[in-house]
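*Asks:* If you want the building blocks of each chain, they are given just below.
Protein chains: 2
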Amino acid sequence: MDRIQATYIATRPDRDPETLGRAIALEQSVEVIEELVTPEIRESLVGRVESVEARGDEKYRITVSYAPEVAAGQVGQLFHLLFGNISFYPRLKLVDVTLPPAVTGQLHGPRYGIDGIRLATGIGQRPLLCTALKPRGSSVEHLARLAGEFARGGGDLLKDDQNLVHEDFESFKHRVDACATAVERANDQTGRRCLYLPHVAGSGSRLLRQLEFVHRRNLPGVLLCPLVMGLETAGRMAADFDLMYMAHPAMAGALTEPEDHGIASGVLLGTLARVSGADISIFPGKGGRISAALSECRDVVDLLTCPFNGLHATMPCPAGGKTLDMLEDMGREYGPDCAILIGGDLLKSGDRLAEVTGQSIGKLAGLYGEQQHAPAEWRMSSCELPGMQISALKHYLKKNPDFEWDGRESQLYKDDDTLPFKGVRRVELMGNNGEQMNFDLRYFELAPGGYTSLEKHLHTHVIIGARGTGTLVLDDTHKPLGEHDLAYIEPLAVHQLKNESDEPFGFYCLVDRDRDRPMGP
Amino acid sequence: MDRIQATYIATRPDRDPETLGRAIALEQSVEVIEELVTPEIRESLVGRVESVEARGDEKYRITVSYAPEVAAGQVGQLFHLLFGNISFYPRLKLVDVTLPPAVTGQLHGPRYGIDGIRLATGIGQRPLLCTALKPRGSSVEHLARLAGEFARGGGDLLKDDQNLVHEDFESFKHRVDACATAVERANDQTGRRCLYLPHVAGSGSRLLRQLEFVHRRNLPGVLLCPLVMGLETAGRMAADFDLMYMAHPAMAGALTEPEDHGIASGVLLGTLARVSGADISIFPGKGGRISAALSECRDVVDLLTCPFNGLHATMPCPAGGKTLDMLEDMGREYGPDCAILIGGDLLKSGDRLAEVTGQSIGKLAGLYGEQQHAPAEWRMSSCELPGMQISALKHYLKKNPDFEWDGRESQLYKDDDTLPFKGVRRVELMGNNGEQMNFDLRYFELAPGGYTSLEKHLHTHVIIGARGTGTLVLDDTHKPLGEHDLAYIEPLAVHQLKNESDEPFGFYCLVDRDRDRPMGP
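Top line first, the protein sequences correspond to chains A and B. Here the first sequence stands for residues 11 to 531, numbered as in our numbering. Here the second sequence stands for residues 11 to 531, numbered as in our numbering.
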């Protein structure tokens with residue numbers, strides 16, 4: 011199957027189930043009345059009803075499929091496609107999703123996953139022990155002490171409670187730094203590596219600054235709440251800052267709990283968590299304060315870990331007020347590849363936290379053995395960072411006569427009367443050769459009578475005159491541009507450079523590295 | 011009441027309703043077992059059960075309150091506080107929320123709201139007519155034609171269908187530009203102002219670039235899907251880019267539709283949409299393809315428009331496959347302060363789109379009159395945006411003799427034997443004067459015998475020789491730097507520039523805008 015497939019259970023549908031299937035297919039892909047759908051759009055974009063089966067109890071199982079392109083390579087659009095508008099249809103539950111490689115290949119999935127977490131902790135084979143720093147309102151010193159004691163006892167994963175939020179960055183920084191320091195000191199003592207994942211929340215620059223701090227502080231990852239922050243935003247932020255991503259299920263129950271409506275937990279906390287890049291997915295396990303049926307837990311675990319188009323497996327993390335006396339049963343139930351979250355019941359051991367943590371690790375090791383390795387470096391992509399390739403390149407460019415530079419090739423643009431430019435030579439000087447900069451520096455030269463394209467774009471230019479004299483056409487003005495004259499070209503300003511002289515006209519052109527393509531005037 | 015209040019209906023609760031109330035209060039504020047809550051934390055952070063009432067049919071109405079600080083001034087945290095973890099409790103619906111001024115004051119609410127939209131369109135008094143550009147898969151030309159015809163007919167608000175998503179920025183830009191141009195041309199003809207709101211989706215730099223384009227293209231706002239993108243992210247992005255924000259309810263039905271679980275539509279599409287900054291909130295109206303009960307519609311409209319701690323009112327936008335024959339009834343039902351969305355039923359008028367739009371506007375004017383004003387400038391904060399001050403500034407810099415530029419001051423660094431530099435003149439040329447660039451361009455000049463500080467930093471430099479000849483000291487090498495010689499200084503390389511000649515030595519220095527401070531060698 012090379013199409014996206016979504017399967018729904020409709021309970022007591024408000025229309026004939028076949029008609030409902032066609033309505034879903036149309037609503038989710040183009041959302042328009044049938045008569046406005048052309049044959050081309052129907053063929054390429056509109057969903058197809060693959061099957062409709064009666065399941066008794068006035069329930070019908072409806073499967074709809076879509077071309078991979080409909081997801082547009084975006085987790086947010088996939089989420090929308092599966093249940094966005096039809097979330098308003100009565101008594102409809104999304105229970106199964108199949109994604110072809112054409113979709114998963116664009117979404118990437120977990121970057122670390124179970125294998126990456128095992129490498130980073132150095133713990134093979136057994137379930138990992140996880141706890142949560144809380145309660146909110148505790149002093150920084152108290153939280154740091156808990157963090158250090160859990161790590162000293164050999165705990166594997168330490169996450170912030172998702173209620174730990176700060177109104178300002180400085181208090182976030184101070185608290186996270188204190189907890190990270192406590193964990194590092196304990197790790198130095200034990201020779202193990204407890205991974206500390208602070209909770210990051212908010213939006214805009216507040217969000218980015220916290221992520222930047224976690225990255226620079228050399229912490230391995232973060233706890234994010236994807237259904238509060240946005241499923242796609244959460245995965246993207248973790249990837250952009252090269253952080254492990256633990257997904258908290260806050261708000262997910264609004265979708266998973268109703269029996270006849272919403273999204274099944276296996277799809278939401280399993281498949282969608284995995285494709286959106288969660289390395290660890292927290293879900294309510296059976297028993298304790300927040301409990302789920304064992305069959306639902308098994309669905310989530312299966313979908314996080316099953317073979318899936320080559321995506322890494324996500325570490326399942328059963329949670330929800332679980333207690334220490336459940337530890338071995340959970341270890342048996344969920345298998346060795348899980349992280350078991352015990353919060354309050356572990357924290358309440360107070361001064362004995364390290365000791366009780368050690369005993370708990372012992373119980374998990376007793377089930378499967380431990381196989382401890384030296385923890386490995388956790389950053390996955392540092393060797394790919396542009397800054398690392400630089401030393402091999404030539405970064406001192408002596409100008410030769412006629413504005414040529416050693417180590418940089420001139421590109422001569424072929425003249426052709428049908429082209430919108432004429433007589434242009436270009437040299438890519440800096441930015442395109444492995445340098446770590448947010449901008450590119452190029453030299454352009456126009457032969458007498460030459461000109462660049464008349465164009466506009468969202469990105470800006472800075473122009474520095476370097477040789478001879480030309481003319482800058484900027485919206486309705488014409489300005490001469492001689493040596494060391496400067497111009498700034500603002501977003502979407504229509505511009506062109508011309509050489510109306512008898513000598514070459516050369517200029518430097520500076521642009522942002524990340525930029526859009528030009529449009530016509 | 012100076013506290014946040016949340017009211018839930020619990021149906022067939024799994025425990026004594028008083029106990030359930032206390033569990034909610036603890037779960038949502040500190041999520042920890044009672045014995046770990048200190049008296050101080052209990053007093054300042056833990057929620058209080060305000061009331062528990064039996065409502066018959068095994069239903070109980072439970073009201074819990076929290077200190078305003080618990081929301082931490084963030085929409086995301088407020089959302090989480092109201093229903094995050096307890097979304098996993100069975101049969102629990104959030105039906106009412108009261109927010110004190112201490113909370114709404116930090117969240118701001120709509121920036122334009124009904125009044126701002128009326129100013130921008132120039133239409134007082136009557137309901138606005140809105141349509142959606144679709145279907146996805148149509149050519150750019152077709153969509154632009156629809157846009158132009160709707161505007162030519164006097165339509166008020168034009169939004170993209172939320173299925174209009176693009177895999178790349180270039181196709182977004184071309185489509186939006188074409189539709190915007192068509193609307194502008196029509197507005198020039200009619201003297202009215204139809205507002206065009208493109209759909210923006212995705213995350214990270216993809217999201218930012220689209221928003222930047224909409225802002226720079228001088229469009230008034232965007233359509234966003236807050237429950238896909240994140241409630242807080244959506245409001246924040248619109249505010250950061252100074253755009254009107256129309257909220258699409260995709261995925262909201264997963265929370266609002268179950269009778270016994272989730273979040274009531276009045277709370278989600280009314281109160282939460284409003285505090286998170288939606289200027290227009292789309293919701294399913296009564297009748298048509300996606301229909302809601304009239305009582306729910308009234309709740310949404312009331313909560314969007316009622317007096318609420320001084321927040322602007324959000325424009326209600328009933329939608330969901332509504333048809334032209336419902337127009338006048340809807341206008342009567344929802345009152346003059348609404349935007350009525352008619353999609354497919356209007357678009358199917360084909361070549362008669364402008365004419366049918368005009369007739370529809372006539373019907374709405376017939377209900378309440380029209381009171382047309384000259385449309386006002388819609389930007390609320392444009393004077394605060396760095397990019398918007400540009401036209402008043404000088405962006406064409408003619409070089410004067412001795413490397414001075416009109417409009418830019420030279421800074422002469424005072425010489426003092428205790429300082430690590432000598433004989434330095436600096437001119438901030440571009441980047442620091444309101445230009446929108448990711449880098450800064452400066453000119454430095456060293457007098458004979460002058461030098462810069464010997465230093466290193468994480469950010470990089472590009473140096474372009476401009477006048478005379480100097481020496482670049484880079485780690486252990488010395489390189490001459492004459493006119494148009496170039497150098498790249500990589501991260502943490504120790505460097506210094508010297509003038510050992512008898513003439514001034516000038517050079518351009520390019521740096522990333524966002525950069526760290528230098529350290530000693």
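Honestly, I wouldn't trust all of these hints.
Note that the list lumps identical chains together, so a pair holds whenever it fits in one copy or between two copies.
[What the hints assert, rightly or not] Straight-line alpha carbon distances no greater than 20 Å define the calculated SDA-like cross-link-like pairs of lysine to any residue that follow:
#, residue 1, residue 2
1, LYS358, ARG226
2, LYS424, PRO27
3, LYS408, ILE19
4, LYS489, ARG525
5, LYS69, GLU269
6, LYS408, LEU484
7, LYS409, GLY478
8, LYS183, THR487
9, LYS466, GLY66
10, LYS358, LEU482
No lab work stands behind these hints: they were computed from the structure.
*Asks:* Please go over all the hints and tell whether each is borne out by the structure.
*Replies:* Structure-based check of each hint:
no.	hint	result
1	LYS358 to ARG226	neither (32 Å within a copy, 55 Å between copies)
2	LYS424 to PRO27	neither (62 Å within a copy, 80 Å between copies)
3	LYS408 to ILE19	neither (70 Å within a copy, 71 Å between copies)
4	LYS489 to ARG525	neither (25 Å within a copy, 33 Å between copies)
5	LYS69 to GLU269	both (12 Å within a copy, 18 Å between copies)
6	LYS408 to LEU484	between (32 Å within a copy, 15 Å between copies)
7	LYS409 to GLY478	both (16 Å within a copy, 14 Å between copies)
8	LYS183 to THR487	neither (47 Å within a copy, 26 Å between copies)
9	LYS466 to GLY66	neither (62 Å within a copy, 67 Å between copies)
10	LYS358 to LEU482	neither (69 Å within a copy, 48 Å between copies)
When each numbered hint is compared with the structure, violations occur for hints 1, 2, 3, 4, 8, 9, 10.
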